[in-house]
Amino acid sequence: MPILETEDLTHIFPEGTVAIQDISLKINEGEFVVIAGANGSGKTVFARHLNGLLKPTKGRVLLDGEPITKNIVEARRKVGLVFQDPDSQFVGQTVAEDVAFGPENLNLPVKEVETIVKESLEAVGLSGFSSRSPHALSGGEKRKLAIAGILAMKPKIIIFDEPFTGLDYPGVVQVLKQIVQLHKKGHTILLITHELEKVLAHANRLVIMHKGKLVEDGKPEDVIYRSENYGVRMPLNDGQKVAALTWLK
Amino acid sequence: MAEITFFHYIHKDTILHRMDGRLKLLCLLLLSLSASFASQLEHYLVLLFVVIFALLIAKLPIKALLKDIKFFGIIILIVFVVNAFNIPGDPIPNFPITSISIQGLITGLRFAGRLTIIIMVCAVITGTTPLITIRNVIEWYLRPIPFVSEVRIATMIKLTFMLIPVIFDNLAEMMNAQKARCVELRKNPIKRINFIVFPLLQQTLRKADEIAYAMESRCYSEVRTKAVFESNKIDWLLLAVCTSVFLFVIL
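As they're listed, the protein sequences go chains A and B. So the first sequence is numbered by this note's numbering: it starts at 1 and just counts up by one. So the second sequence is numbered by this note's numbering: it starts at 250 and just counts up by one.
Hints in this document: simulated from the structure, not taken from any laboratory. Check the hints yourself; a few may be wrong.
What the hints assert, rightly or not - Taking CB as the label site, the calculated pair distances span: (1) Gly16/A to Ile311/B: 55 to 61 Å; (2) Leu412/B to Glu112/A: 28 to 34 Å; (3) Ile439/B to Thr17/A: 30 to 36 Å; (4) Lys118/A to Ile499/B: 34 to 40 Å; (5) Lys26/A to Phe444/B: 46 to 52 Å; (6) Thr165/A to Glu399/B: 34 to 40 Å; (7) Ile413/B to Thr165/A: 23 to 29 Å; (8) Asp458/B to Asp64/A: 27 to 33 Å.
Quick caveat: nothing in here was measured; it's all calculated off a predicted structure. Just so you know, even glycine gets a beta-carbon here, dropped at the ideal spot from N, CA and C.
Modelling step: build the complete structure from the supplied sequences, incorporating the hints.
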């Protein structure tokens with residue numbers, strides 16, 4: 001049984017724009033799925049349905065076989081979403097306060113919240129940053145803090161919405177290392193990007209969206225050659241293999 | 250705006266930083282009331298001494314704070330001038346502006362002094378207390394009041410305080426971007442305000458929307474972990490000092 005599944009997911013905005021249309025997708029536990037697509041292809045709207053932030057006009061999202069609407073809080077806890085702009089995700093004045101936001105929402109005891117905050121910051125290598133302001137961190141550190149905030153909820157699935165946007169080379173490497181590590185630890189990863197050259201080597205599935213529709217879904221080495229048909233740059237040079245598409249050495 | 254230290258929390262390890270937030274808020278209330286009721290010179294001197302002492306033990310950057318107080322200078326000046334001109338009384342001997350009376354001048358100085366002390370007390374409290382503590386204290390004080398959603402009110406206050414610097418940063422960036430396109434050549438001030446107000450409003454609303462999504466995404470709930478407060482003898486001693494100052498002023 002897939003861990004996460006969408007059935008005919010459609011979202012039409014009130015003014016009539018069709019953001020996504022009839023998307024059916026099954027994600028298995030432990031998979032690393034890259035969702036690619038040009039700007040405006042509906043990737044972010046799709047991601048925001050997966051933990052119930054947006055309600056579909058048609059279709060449904062199933063988590064462990066159950067509609068997420070059955071227990072939306074549990075769905076949001078299990079499916080963590082790291083936003084494209086980490087600055088808009090921060091609700092705390094300090095790093096520790098921001099990480100504590102999720103566990104506090106779950107009404108956990110104070111001591112447990114403190115332990116979770118410590119563990120989450122350690123997991124992303126931000127121990128010692130507790131009293132710093134989130135907005136004063138570097139781009140890579142901000143992304144890591146956003147990840148820590150999600151890890152504090154103990155999710156099974158983590159969705160990254162354009163995690164490399166605006167990052168310099170060391171920032172991309174820091175974040176990518178973190179994502180690969182999370183996958184190795186057993187998290188199911190969904191990563192939205194159009195920069196395939198940075199990450200595709202680590203994925204075992206590539207999904208392409210185009211004008212709100214799911215148009216390609218398969219192994220990266222099969223799908224990648226058709227990516228340019230949908231406005232996503234095909235990053236392979238002559239003779240190069242998908243395994244080379246990473247910024248990690 | 251990011252360079253302004255006023256009303257920003259400055260992380261240090263001092264007795265004021267460690268003080269129980271509930272008692273600290275009471276101190277703020279007592280000192281603000283004392284400043285409002287102060288009428289004699291000795292009242293102001295005692296309050297000034299307390300504020301300076303608090304700034305010193307909190308290890309807050311006094312120079313930077315004094316520099317930043319210029320942002321409030323215009324308000325203090327208006328308060329002083331309005332009082333000085335509007336209070337009738339004896340004219341100041343050998344002073345060219347006859348509409349300023351001695352009584353007006355004294356009242357103006359009193360009001361300006363009160364305002365300065367209140368602003369400095371607020372700076373000490375906000376400089377030594379993280380927003381989350383202020384939020385938790387507000388929630389704690391509102392909890393016994395029936396039919397009031399203390400969590401919602403406290404969260405709204407916290408988010409508002411958190412967003413103010415962000416809005417100012419956005420405003421500064423927008424103004425710079427417009428300056429880069431020679432907005433100064435536009436002489437019509439209403440048009441210039443238009444260029445700023447609407448994009449800023451749009452951006453602020455979008456930001457608020459994103460924060461709401463981010464909070465929802467992390468299971469925002471009004472049934473949440475409650476903060477635990479602890480007070481020690483020093484905290485009570487500080488409260489006693491503030492209470493004594495208040496009693497000294499009103500009695």
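Against the structure, the hints:
no.	hint	verdict
1	Gly16/A to Ile311/B: 55 to 61 Å	holds, 59 Å
2	Leu412/B to Glu112/A: 28 to 34 Å	holds, 29 Å
3	Ile439/B to Thr17/A: 30 to 36 Å	holds, 34 Å
4	Lys118/A to Ile499/B: 34 to 40 Å	violated, 47 Å
5	Lys26/A to Phe444/B: 46 to 52 Å	holds, 49 Å
6	Thr165/A to Glu399/B: 34 to 40 Å	holds, 38 Å
7	Ile413/B to Thr165/A: 23 to 29 Å	holds, 26 Å
8	Asp458/B to Asp64/A: 27 to 33 Å	holds, 30 Å
Comparing the model with each earlier hint shows a violation of hint 4 alone; every other hint is respected.
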